[in-house]
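According to our numbering, the first sequence is numbered sequentially starting from -7.
Because the hints were derived from the structure by calculation, they are not lab data.
Take the hints with a grain of salt, since some may be wrong.
Claimed, not checked - As a list, the in silico DSS-like pairs of lysine-lysine whose alpha-carbon atoms are at most 30 Å apart:
hint, residue 1, residue 2
1, K247, K186
2, K59, K121
3, K121, K24
4, K111, K13
5, K13, K59
6, K9, K82
7, K9, K143
8, K122, K82
9, K122, K46
10, K82, K186
11, K186, K197
12, K122, K220
13, K111, K24
14, K24, K247
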Amino acid sequence: MPELPEVEVIRQGLRPKLRGKSLQTVDYRCAKLRYPIPTYLEEQLSGLSCQGIKRRGKYLLFNFENKQLAWHLGMTGQFRLVPPQTPFAKHEHIGLNFSDNISLRYKDTRRFGYLDIIKEPINTHPWFKKMGVEPLSDDFNTDSFYAQCQKRRVAIKTLIMDANTVVGIGNIYAAESLFRAGIHPAAACASISKQRIGRWVDISKAVLEEAISVGGSSISDFIHVDGKQGYFSHQFKVYGRHQQPCYTCQQPIQKITQTGRSTFFCASCQS
DNA sequence: AGGAAAACCTGCGTGC
DNA sequence: TGCACGCAGGTTTTCC
């Protein structure tokens, strides 16, 4: 489901409600998501307080004193906060019960999500070791990304979705940022001028920030912790608009497949 | 190097 | 009504 903006919106929704609360018990309704769900959550975390929630790429990192609970939401992961006695909904797989009668419930229809407790520094863990730069950080800039482009022979859309290069940009924001930058998704990344790469870097940051500010993109089942929707889907220019007229030039939006994923673009506005 | 395909899983829309 | 098929915000693995 969620790309960087959606995960960030979830983080911002959860953080004020969980900060300072201590974990008490854990309810399981399922043994396995993408990987087996750790059975030692309660044993290792009970009595510890959640001191904050960070995000790295599309992962949420719940900070429990000397341990981090890393959680990836896959395609359809959602959180909500309810009283612990609330019955489990369909596809609600885990409940983390905190002090003050708060239960963090995780629902994941397709069960592509995964989680684990990480005790070592995050950068040494296999999930994070090879991760690329955060797109909203100053380390992601024209010089650094142009250098990455020159080293690779893949299409630009493939590169910007490569989490070992830059994290958090998935299928929606790849398509939307390339359209806004006027760059064809199948262009060889090394063939694009530094000026155009720089334009895309600036636009990608602006698109991600705008999406966060309007609560992310609610397509199909993305919702906030409080059940509200995000509105960035109303700003889509190309994603999901196959055969509909481009808002700029009226030509039909094209759909192709790149590395197994659908790509939407305007053939006349993007080159 | 990198691409294609399959794997993990459920639900929904479409077409016959 | 039912069934087959394709498709969906992600990531990993395996095989050319």
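These are the hints, each one checked on the structure:
Proposed proximity of K247 and K186 is supported: the alpha carbons are some 27 Å apart, at most 30 Å. At roughly 17 Å between alpha-carbon atoms, K59 and K121 fall within 30 Å of each other, so this suggested pair holds. Under the criterion of a C-alpha separation no larger than 30 Å, the hint pairing K121 with K24 is consistent with the structure, at around 24 Å. Pair hint K111 plus K13 holds up; C-alpha atoms about 20 Å apart against a cutoff of 30 Å.
Distance hint between K13 and K59 is fulfilled; the C-alpha atoms sit about 15 Å from each other, no more than 30 Å. Of the pairs offered as hints, the one joining K9 and K82 holds, with about 24 Å between alpha carbons and a cut-off of 30 Å not exceeded. Between the alpha carbons of K9 and K143 the distance comes to roughly 44 Å, so the proposed pair goes past 30 Å and is violated. With a C-alpha separation of about 35 Å, the suggested pair K122 and K82 falls outside the 30 Å cut-off, and the hint is violated.
For the given pair, K122 sits about 18 Å from K46 by alpha-carbon distance, which is consistent with the 30 Å threshold. A hinted pair counts as satisfied when its Cα atoms are at most 30 Å apart, and K82 with K186 does not qualify at roughly 49 Å. With a C-alpha separation of about 17 Å, the suggested pairing of K186 with K197 holds against the 30 Å cut-off. For the hint linking K122 to K220, the alpha-carbon distance of about 34 Å lies beyond 30 Å, and the restraint is violated.
Taking the CA atoms of K111 and K24, the gap is near 22 Å; set against the 30 Å cutoff, the hint holds. For the proposed pair K24 and K247, the alpha carbon gap of about 35 Å is over 30 Å, so the pair is violated.
Consistency note: the structure conflicts with the earlier hints numbered 7, 8, 10, 12, 14.
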